[in-house]
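Each chain is listed here by its residues.
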Amino acid sequence: MNVIAGRPMKVIAGRPMKVMTARRCRSVKGRISEVVLSGELLSPEDERHVGQCLACQAEVAQFKMIERGFSAMRVQIATAPPDLVNRVMAGLDRTPIPWFRRRVAVSVSAVSAVAVAATVAVAMRRRQAAA
Amino acid sequence: MQHAAVKSGDEEHLITRAQAGDEDAFQELVRRHQHGVFTLAMRLVNDREMAADVAQDAFIRAWRGLPTFRGDAAFKTWIHRITVNAAWTLKKRLGRHTATSLDDAPPIADVSLSGDLERAGENLELRERLRGALNQLTRPQRTVVVLKDIYGWSHGEIAEALGITVTAAKVRLHRAHHRLRDHLEDER
Chain B
1 MNVIAGRPMK VIAGRPMKVM TARRCRSVKG RISEVVLSGE LLSPEDERHV
51 GQCLACQAEV AQFKMIERGF SAMRVQIATA PPDLVNRVMA GLDRTPIPWF
101 RRRVAVSVSA VSAVAVAATV AVAMRRRQAA A
Chain V
1 MQHAAVKSGD EEHLITRAQA GDEDAFQELV RRHQHGVFTL AMRLVNDREM
51 AADVAQDAFI RAWRGLPTFR GDAAFKTWIH RITVNAAWTL KKRLGRHTAT
101 SLDDAPPIAD VSLSGDLERA GENLELRERL RGALNQLTRP QRTVVVLKDI
151 YGWSHGEIAE ALGITVTAAK VRLHRAHHRL RDHLEDER
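These protein sequence lines map, in sequence, to chains B and V. Residue numbers are given in the working numbering: position 17 of the first sequence equals residue 17, and the series is strictly consecutive. Residue numbers are given in the working numbering: position 67 of the second sequence equals residue 67, and the series is strictly consecutive.
Watch out, some of these pointers could steer you wrong.
[Unchecked claim] Now the in silico label distances, taken between C-beta atoms and shown as ranges:
1) E45/B / G152/V: 47 to 53 Å
2) E185/V / E40/B: 44 to 50 Å
3) T167/V / R48/B: 48 to 54 Å
4) D72/V / A55/B: 22 to 28 Å
5) D72/V / A61/B: 22 to 28 Å
6) R74/B / R17/V: 30 to 36 Å
7) T167/V / V122/B: 49 to 55 Å
8) A113/B / R31/V: 40 to 46 Å
9) L42/B / I164/V: 23 to 29 Å
[Claimed, not checked] With a straight-line Cα cutoff of 25 Å, these simulated BS3-like cross-link-like pairs (lysine-lysine) come out:
10) K170/V / K29/B
11) K64/B / K29/B
12) K64/B / K76/V
[Claimed, not checked] Which chain B residues face chain V? A few, computed with CB under 10 Å, are given here:
13) R24
14) R26
15) G30
16) E34
17) L41
18) L42
19) D46
20) F63
21) M65
22) M73
23) Q76
24) A80
25) L92
Simulated from the structure, these hints should not be mistaken for laboratory data. The C-beta atom is built at its ideal place from N, Cα and C for all residues, glycine as well.
One chain only, chain V, in its complex shape (with noise of 0.2 Å):
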């Protein structure tokens, strides 16, 4: 818990320093982030190379943003909201290029993986088909299960996000779900 306040207190310092134009520390923001933006540009536009752009344009416009960063929320959380919106002007730029599948995937680091290894498996079955299902969604309806279902965001933070409203949000989540029960059940 200390440890933890700790990290947060000197989260703070390395942006109150970035914010004055250091650059030093907005590299080691940049460091500590760099893979859950990552992973999120990735669970969002589906291709490596494409999310390592997404995620590469979402620190530079941080960094031209950090003067308006106020602290309201936490970095991790402003961070992610802008590689949202990365993701999407890119993807907007491209067109419906639907980078393939998450067959090119990222090497995945399975934190959870202890003890129970049957339970690891089962686990590791089910995401892998979860992850094919994910892949059958239009980019919209991907984009609004990524947030709320893994991510945890609000139907407000989404509609926001996306620039819709919250019904919106809310009628693309449903639909996405159910389509993601079919195609797991198609699979079966």
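Chain B extracted, bound-state conformation (with noise of 0.2 Å):
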């Protein structure tokens, strides 16, 4: 007789049902945190689960608790320093590049490396030439 906890149990495929239970409980606990937060899903055999299995249940529960903190933490804005406005302008770059001179600026050194590319090519074949 298959017996945990003194209990009598059932067999299915050789294995003992309390033990199959207790593996999609690890399973389905395992997930829940990422069902009630980040709005997962679970299978349909691992929903009829949770319907009949208090520990899961209970960790559904906690989660839903936890969401109600995060919900209540999105409301809360803190008051930033009343210098900060001042203190950022402050230290503010004051000749910031604007996009054009950056084009130009990337512009200007690839032109550069062609032209650098291009002499020293020259210099070689002329160079092979002579020899």
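Both chains are given apart, each in its own frame, so use the hints to dock them into the complex.
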């Protein structure tokens, strides 16, 4: 007789049902946080399991409570220090590079690189020709 | 609705002016977003003074980066991303300085506090407990929880901002959730 904690158990496909339930329970419990907090879905079998399993229901309740806490936190606004705006303005680099100048800078460096490469290539050919 | 559209158009105008080097326009942007940026910084670094430094650094980086801001995302989203980077850099620079706790947290205004006082009281208690539990997490864990569960960032956005893979972000979040649950359970 299969006995865990002194109780007889059914055997399905050679495995005690309680063991299978415990495995499902572990697997479902591990995903409940994502289901409650990130909106992931459980399979119909897993949902049925949660409907019958008090431990999983307790887990759902815990994470729902955490989600309520997050909702309460979402509406909180901390007040910035009164001198923040002045501090930011005092710390500004007064010469920001405008986008067109950045593009020009990039173009100039690209053209320079090509020119250097071409010069080197021409010089090497001349040297080869002279040899 | 119309008000929101006007406000957003107004902000676009401010951004365009700031991109052209108009400091007054930039100052107005800073004024509008300072509390949001400071709140995010506070949640990430967990220390009021450090959060002010992060917010300052974020706005200065934004000023430098404005020429490259193309408006693909909202300004708020963009400045929040910069804030996360600034917080990350500052924390790295300071090593594992995890400043005390949220006991020295900022004065918090609860904009949801409305008629249902009992419910509001419950929420306040729950929020404080959750804040305490968040405080027990490691910095990387707290960062993913704050960004995902409070700010609603996707796993992909978190991964990109923190320079980790999406899978790593998911795993970190999963572990953080379970640690949060354990801390809250231990409190009982």
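Structure-based check of all given hints:
1. Taken as a hint, the range 47 to 53 Å is violated for the pair E45/B and G152/V, whose Cβ atoms sit roughly 30 Å apart.
2. Between E185/V and E40/B the CB atoms are about 22 Å apart, so this pair departs from the stated range of 44 to 50 Å.
3. Distance hint check: the CB atoms of T167/V and R48/B are about 29 Å apart, inconsistent with the given range 48 to 54 Å.
4. Look at D72/V against A55/B: about 46 Å separates their beta carbons, and that is not inside 22 to 28 Å.
5. Distance hint check for D72/V and A61/B: the Cβ-Cβ separation is about 41 Å, which falls outside the suggested range of 22 to 28 Å.
6. As the Cβ distance of R74/B to R17/V is approximately 31 Å, the hint placing it in 30 to 36 Å holds.
7. For T167/V paired with V122/B, a C-beta distance near 51 Å keeps the hint of 49 to 55 Å intact.
8. Checked against the hint of 40 to 46 Å, the pair A113/B and R31/V passes, with Cβ atoms roughly 43 Å apart.
9. Between L42/B and I164/V, the C-beta spacing of about 27 Å keeps the proposed range 23 to 29 Å intact.
10. With a C-alpha separation of about 16 Å, the suggested pairing of K170/V with K29/B holds against the 25 Å cut-off.
11. At most 25 Å may separate the alpha-carbon atoms for a hinted pair to count; K64/B and K29/B meet this at roughly 14 Å.
12. The hinted pair formed by K64/B and K76/V fails the criterion: a straight-line CA distance of about 29 Å is larger than 25 Å.
13. The criterion of a C-beta within 10 Å of any C-beta in chain V is not met by R24/B, whose closest approach is roughly 18 Å, and the hint is violated.
14. Using the Cβ-Cβ criterion of 10 Å, the hint placing R26/B at the interface with chain V is not satisfied: the shortest such distance is roughly 13 Å.
15. A least Cβ separation of about 8 Å between G30/B and chain V falls short of the 10 Å threshold, and the interface hint therefore holds.
16. Taking 10 Å as the C-beta contact cut-off toward chain V, the hint placing E34/B at the interface holds, the least distance being around 7 Å.
17. Checking L41/B against chain V: minimum C-beta separation of about 16 Å lies over 10 Å; hint violated.
18. The closest approach between the C-beta of L42/B and any C-beta of chain V is roughly 15 Å, which is over the 10 Å cut-off, so the hint fails.
19. Residue-level restraint check for D46/B is violated (minimum Cβ-Cβ distance to chain V is 17 Å; threshold 10 Å).
20. A distance limit of 10 Å between C-beta atoms decides the matter here; for F63/B the minimum to chain V is near 7 Å, and the interface restraint holds.
21. Of the supplied interface hints, the one on M65/B holds, with its beta-carbon coming within about 7 Å of a beta-carbon of chain V, less than 10 Å.
22. Residue-level restraint check for M73/B holds (minimum Cβ-Cβ distance to chain V is 5 Å; threshold 10 Å).
23. A distance limit of 10 Å between C-beta atoms decides the matter here; for Q76/B the minimum to chain V is near 5 Å, and the interface restraint holds.
24. Interface hint at A80/B: satisfied, since its Cβ lies 4 Å from the closest Cβ of chain V, which is below the 10 Å cut-off.
25. Hint status for L92/B: holds, given a least beta-carbon distance of 5 Å to chain V, under 10 Å.
This entry does not satisfy hints 1, 2, 3, 4, 5, 12, 13, 14, 17, 18 and 19, going by the numbered hints stated previously.
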